[in-house]
Amino acid sequence: MPILLPAFLGLCFCQLISGDVSENDTVVVTSSGSIKGMRVQTRFGALDAYLGIPYAEPPVGKLRFQKPVPHQPWRHVLEATRFGKPCHQWTSYSYPSKIWVANEPHSEDCLFLNIWVPHPKPSVSVPILVWIHGGGFSIGAGSSDLYNGSTLAATENVIVASMNYRLGIWGFLFFPPEAPGNMGLWDQYLALNWLKENAAVFGGDADKLTLIGHSAGAASVGFHLLSPISQSLFDRAVLQSGAPNAPWASMPPEKTQERTIHLIHLTGCYDSVQFGELAHRAVGWPRPSPSSQSLLHMHGIADCIPPCPITP
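As numbered in mature numbering (1 follows the signal peptide of the UniProt record, and there is no 0), residues -19 to -1, 1 to 293 make up the sequence shown, in order.
The reader is advised that the hints may include incorrect statements.
Result set (PhoX-like, lysine-lysine): computed pairs, CA atoms no more than 20 Å apart in a straight line [stated by the list, open to error]:
#, residue 1, residue 2
1, Lys189, Lys177
2, Lys66, Lys177
3, Lys17, Lys66
4, Lys102, Lys43
5, Lys17, Lys189
6, Lys48, Lys102
By construction, these hints were calculated from the structure, which means they are not laboratory data. These numbers come from a predicted model, not from an experiment.
Construct all of the structure, not just a fragment, from the sequences and the given hints.
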């Protein structure tokens, strides 16, 4: 898998000078409920950050290995001032820098959005740039320092958003009907849908939404370009160092099922009652063998283009 530092360096390493938060003027009312962000002053200018917005119900229990379910609306004012936890992933030391690895403790309750908005709020709707992180469909998070949208929001009159999506076996296990496959891509779809639906409350133009990704994120962007369901959710796309037809980006359903069967034998989850615990047993191995580790780590179990498309 290509490992190239994105040209999109404006996203990263914003030096925060202060975090002066006003009591009320960062509150927005979304379709999910009221959200309070925080005012951030950087050396480039001011912006409002909304971090850790839950766009889906926690994919646990009966929702594990299933398509994401939209988060139930809340009645309180949600404090969106801290990143949500990254999705479960196998910690990799094969990359040349820790900037590619999630920077917080992992959790299954991980489906969160982050939004950076120029301050003062634009009087005319501005474009929205939505970032999908890379990491081989097995590591990474929207909260990584590399993908911080503060600099662009403060300098370029654009709204920047990032997302978490399920990774590895949690996001791409394919063994229907228990695991229909491509759950991570469905997470991305639901996040995009939420952003388009709520663009106006942040001062964004829902018809000027650009989807951008690096490496596995770029392959994801390509999959959404090919999906008739996703196509209406964004206007432009940028693919950096990845494509949906890359040899590492997809695999046939038959191959993914072979891997799943191997994992089932390794974990002993042979029936539908035990199947939901498969991921827990897999990560609970005290010293995983190379073969079992590869099943958890290698760009998802079933990140497949048709005949496994993103369809209803």
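Comparing the hints with the structure gives:
The hinted pair formed by Lys189 and Lys177 meets the criterion: a straight-line CA distance of about 9 Å does not exceed 20 Å. At most 20 Å may separate the alpha-carbon atoms for a hinted pair to count; Lys66 and Lys177 exceed this at roughly 23 Å. Pair hint Lys17 plus Lys66 holds up; C-alpha atoms about 18 Å apart against a cutoff of 20 Å. For the suggested pair Lys102 and Lys43, the alpha carbons sit about 40 Å apart, so the restraint of at most 20 Å is broken.
Between the alpha carbons of Lys17 and Lys189 the distance comes to roughly 24 Å, so the proposed pair goes past 20 Å and is violated. Proximity of Lys48 to Lys102 is assessed by CA-CA distance (about 34 Å); at most 20 Å being required, the pair is judged violated.
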